[in-house]
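J.: Letter by letter, the chains look like this.
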Amino acid sequence: MEPAIPLNMNTDRDKGFINSMFSSIQARTSAYCFRCITCTNGCPIVLNYREQAKEKLDLLPHQLMYAVRLGLKDLVLESQMLWLCTECYMCTEYCPQGVHVCDVIYELKNLAIKERKDLMPRGLRLFAHALLDNGRTAEIMDWEREDLELPELSGAGDAELQELLGQLGLPQLIDKEGS
Amino acid sequence: MKPYAFFLGCSIPARVNHYEASSRMVLKEFGVDLLDIERFSCCGPVPLRSISFDMFLTVGARNLALAETEGLDIMCLCSGCFSTLSDVNHQLREDSELRKDINKKLEPTGLAYGGKIAVKHFLNVLHQDVGVNTIKKRIVRPYKDLRIATHYGCHTVRPSKVVQSGTIPPVFFDELVEATGAESVDWSAKASCCGGPVLGADEQLAMDLCEKKIADAKAWKADFLCTSCPFCQVQFDSIQAKIATDRGNAYDLPSILYPQLLGLAMDMDTDLLGIDNNRISLDSIDTFF
Ligand code: SF4
Ligand code: SF4
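Heads up: the sequence lines are chains A and B, in that order.
Going letter by letter, the first sequence gives residues 1 to 179 in the UniProt record's numbering.
Going letter by letter, the second sequence gives residues 1 to 289 in the UniProt record's numbering.
I should point out that these hints are in silico values taken from the structure, not numbers from a laboratory.
One thing to keep in mind: the hints can contain errors.
[Stated by the list, open to error] Taking lysine-lysine and the BS3-like style, the derived pairs with C-alpha atoms no more than 27 angstroms apart in a straight line are: (1) K100(B) / K137(B); (2) K105(B) / K117(A); (3) K56(A) / K190(B).
[What the hints assert, rightly or not] Partner residues are not named here, just some residues of chain B that face chain A (Cβ under 7 angstroms, in silico): (4) K28; (5) G31; (6) L34; (7) L35; (8) P159.
For glycine and all other residues, C-beta sits at the position ideal for the given N, C-alpha and C.
The following block holds chain A by itself, in its conformation from the complex:
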C-alpha cells in the first residue's frame, strides 16, 4: 500500500507554515492529535465515498491534522477534503484530544485562498460576489412574503454589509475586477 504521507519529508516540510498555523488558538489544538482516527471514522464525507475516499478527498481529516504538524503545506492545501467538508462538527465533538478539527480546516481554507487563488472553488467565489453585489446570499421572494403577510424588508443592512466588506478588503482577497 502507498503511504498516505510521503516518508521522505525533508524536502517538503515548511517551518513557516507550521509557525503560522500554530499562532492561532484553534489550529494549535492540532498538536494534541494522537492519530486515533475517530474524526475520520465519524466523518460523513469519508463515509459517503468509502473505498474511494482517498482518491476523492486526498487527505482524510486525521491525516490533515498530522500533515499540518509535519508542515506538509502543499499536500494540505491541495487536499480536496478542505472544500468538501460539510462543517458538521462531528469530528470536533468526538475528538478525545480536544482537537478543533473543523476549525483547523477552516483556517487551512483561509490560507489556501490567501496564497493560492487557483485553489478557491467556484461556489465560494460566487458566494463572495453575491455578498459584494447584493449584500445578501440570495434574492428575496417578495411575492411569497406578501402572500404570507410578512413584513417588507428594507435592505438597510444589506447596503451596510456591502460597505463593510469593501472596507475589510473582500474584493481584493477574491481578485474581483475593479478592486
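Position chain B with the ligands relative to chain A; hints supplied.
T.: For chain B with the ligands alone, coordinates are given in the frame of chain A:
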C-alpha cells in the same frame, strides 16, 4: 418577558418564507415578542469563514452589536445564523485580544461589540422560555399515531461547547415534537448532516447525504421528517424532489417545519402557516388527527 431581537438571515426570505410565517404565529400565541432590526444583515455565514476568519468575526460582531444597542438577546430561526452568531460570540468573549482587534475593524460602522447578549435558536426559546408543559396545554388537535423523524441539524447542537445544547445527545427537540402528541422515533441517521452546506460545492455529494438520511428515516417507519432550519428544509423538500426526478428514487417522505407541526396542532390558519408552500405535499398530515 423581554422581546427578542429577531434575526432572519438571507436564506429564509429567499426560500422558506413559510418558516418565518409559522414561527411568528406560534411565538405570538405564546406571548414571545420579536423586535425586527432593520440594520441586521446576512449573518456572515460559514462560506465567509472559509474565506476569512477575520471577516466572519467582524460581520458577526456587527450584528451582535446591533442587538446590544437595543439591550436584547437574539433569536434565530436558521441554524446556520444561530451557529455563526453563537460562534462569534463565543470566540470574542473568550479572547480579549481578538475582541480589541475586531472592534477596531468595526469602528467605521459606529458600533462596538461588548459581549453582553446571548444568542438563542427558536427551538431553545420554545423549550426554555415557553416550556413543554405550557405548549402541551395549548394543543387542541393532538396527533395520533404520527411517527416523526426529528432532525436537529448539525449547527443547532454542535459544537456542544459553543451552542450549549444541554444534554448529549440532545433531547429538547424530541420533547417539543412529542408535546404535539406525535411520536419522535429513534432512527440511526438522526445526528448526521442533511448535506446542505456542500450543495454549492458538489451537488451530487449533497444529494447523497440527503438521500441516506431520508432512506434511513423511511426504514424506521417515519411518516414525516421535521426540521427547524431553512437549509435542512430545502434539502428534505426541494432536493428530495430532485432526487426523485434525477435518480428515480421517490421516497415520498414529506418534511414539515416544526412551527407548522405545532401550529396545526394548535388549530391555526393553514394558509398563513404556509402548509401549501412545501414542494412535497403535507396533505397526508390530516389523517393523523
Ligand atoms: S479524533 Fe482527534 S486525536 Fe483522533 S485522529 Fe482525529 S484529531 Fe487526532
Ligand atoms: S466537520 Fe468536516 S471533517 Fe469534520 S466530520 Fe464534518 S465533514 Fe468531516
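J.: Next, verify each hint and record whether it holds.
T.: Evaluation of the provided hints:
1. K100(B) / K137(B): violated, 48 angstroms
2. K105(B) / K117(A): holds, 24 angstroms
3. K56(A) / K190(B): holds, 26 angstroms
4. K28: violated, 12 angstroms
5. G31: Given a least distance of 19 angstroms, the restraint on G31(B) is violated.
6. L34: Since chain A brings no Cβ nearer than about 10 angstroms to L34(B), farther than 7 angstroms, the hint is violated.
7. L35: violated, 12 angstroms
8. P159: Holds: closest Cβ of chain A sits about 5 angstroms from P159(B), inside 7 angstroms.
The structure fails hints 1, 4, 5, 6, 7 (numbered hints given earlier, in ascending order).
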